[in-house]
Amino acid sequence: MTDPSACAQATGLWQVKDDVEIDDDGGRLALDTFIFAFDGDTVVLRLTTRHAGQWKSDDDFYRLAAECRGEALCIRPPFGDWIELATFEEGRFVQVGSGRKRIFERIEDAQVAAWNRAILIRREPHDYRIRPDGTLASAKN
Amino acid sequence: MGQASERAVASSRASTVREAGGDLYSPVLFRSPSASDHGVGPARANAVLALQRSAGNRVARQVLARDLAIAPTVPDAAPVTLSALDLQRARAMNRVLFTDAAELRAIRDVLGISSDPAIVDDDLSNAVAAYQASYGLKADGMIGPITSGRLAQEFTAESDALSQPAIGGSLRRTARRLHLRAMVTRRHGEYLHQGFVGDDDNPDGCVTVRADDAFSGSGNWISLEYTGEDADQVHWLQFNASQEFGTPPGAAAPVFATGSVLTSNGPAPWSSPGSPQQWVVDSVQNSPAAHPSPFYDVSGFASTSSHNRSRVMLDQPSGASIIGQAQAFAATGPAAGSPTVTERDAFSTYLVKANHPRYRVDWSGTTVVNVAAGTASAIGYRLGFAGPVTRLRADHRTALLAKYPGNPIN
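In order, the protein sequences belong to chains A and B.
First residue of the first sequence: -7, per the numbering used here; consecutive thereafter.
First residue of the second sequence: 445, per the numbering used here; consecutive thereafter.
Worth flagging that the hints you see were computed from the coordinates, not collected in a lab.
It should be emphasised that the depicted structure is a prediction, and the values quoted were computed from it without experimental measurement.
Here a beta-carbon is modelled for each residue, glycine too, at the ideal position from N, C-alpha and C.
Careful: at least some of the hints might be erroneous.
Stated by the list, open to error - To be clear about the criterion: a stretch of chain A counts as covered by chain B if any three or more of its residues have a C-beta under 8 Å from a C-beta of chain B, and this derived list gives those stretches:
(1) 22 to 28
(2) 54 to 62
(3) 66 to 73
(4) 86 to 94
(5) 116 to 130
Produce the complete structure using the sequences and hints provided.
Put into structure tokens, the structure is as follows:
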């Protein structure tokens, strides 16, 4: 059984290594996350913004609030509720869903593909007061 | 009615014409019989009726059509010759906008060409260009918002001169439709569709769809605009279902993404062929947090509005933000190695008033990502069904309730 604290200690840069079919996905939908960085409190990853009119970061990468709930690493998207990003098991993160298991491996900075290098840039945590139109919500909101 | 009296009508009607930033539209038309139809009183109407009785309705209509009720502002305008390209452009645009035979028949008649066949052709374009030149408008043969506004005034003047009821009849119906067309505020891009909401004789509003619209400093947007005096009371509700696919080397068929894409609004499910569309409400549920709304234009997405005139929603789905997502799709799993990845976003967009759907526009946007180059194509827009509706589709209603339980829109 996985140590409940293992997730919180699994900091580093994680990238999909294998993608395998499985029989039991628990009825879950897979996420398409390919790479993320976890520092124990936040996760840096790329998010897609589906509408050009909606506020987004300059490079589509965000440093989001994150926390481990047991084995599950959860993040809070800029305009959504907390979601489970991946589960830590057997020493690595996995994503299960849509009939597949995606297995992450810990990688070094030098292994990051050119199109994902922006994940290495130091950035401030996301400001959750930002509204979809780019304005800041007041404290009441 | 002779030219002198027509000009009297023109002069009196001029006070109802509003010029605003190059626009020309009458703020109130045909909603109720007006007591301020200056100078177009019973005596003048009776004169017209007498003329009709003595010469026959057809002759009277021809007199009106040739002379026009509102005098040209450029009475000696030089003849206009549209080039083959001008004619092609005019035909293309007018054919998108004018699909109603009765309306075309009325417009052709007023412009002084044969009302039959009631079609968009070069005769219509040339007649429109001549009409435009007579009023100092750009003579391009296209019946855009400004020309529609001028024609709406003409139809109004003729209807008034004939003392026609405020609602009903070909002239009033056409005037109302032209008036709503004239209220359109968007000016860039290519028309995909225009249709009307409400009673056929006296519609409440007009829905106009454009591709390649410009907004916020960039192009390649799609815009859906409602124009009508009740524009403040309507909203746009949009549903989205997306597909992503690529064809790896040696594969006979494309591989479709399954699961969901992680967006800044949270996960969004992929749809794939052979399965029901995975519709989601295109809104941000928690923004503003205290007042979540399913409406696209309230949710913080791109929109514009003009008080009691227009409510526009603009979209530019996918675009450059999907490049990294597409590269990830082609980097691992069944689609690994695909040189290009295509994202096709399907949308069903409803115009809603008082919780009742009034109109639906189905459209899609397709973007192709070159995986190696890290570039995305321009979005290709396609229009599907567009027309009046009275209810949400069942699968859309299910998606609405999944995200906004108890929402009354139906």
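* Asked: Per the coverage rule (Cβ-Cβ under 8 Å, at least three residues), is the region 86 to 94 of chain A covered by chain B?
  -> With 5 residues close enough to chain B, the hint holds.
* Are three or more residues of the region 22 to 28 of chain A within 8 Å, CB to CB, of chain B? -> holds (count 6)
* Checking C-beta pairs, does the region 66 to 73 of chain A have three or more residues closer than 8 Å to chain B? -> holds (count 5)
* Counting residues of the region 54 to 62 of chain A with a beta carbon closer than 8 Å to any beta carbon of chain B, are there 3 or more? -> violated (count 1)
* Asked: Are 3 or more residues of the region 116 to 130 of chain A near chain B, judged by a Cβ distance of less than 8 Å?
  -> Since 4 is at least three, the answer is holds.
Checked against the numbered hints given earlier, this structure breaks only hint 2.
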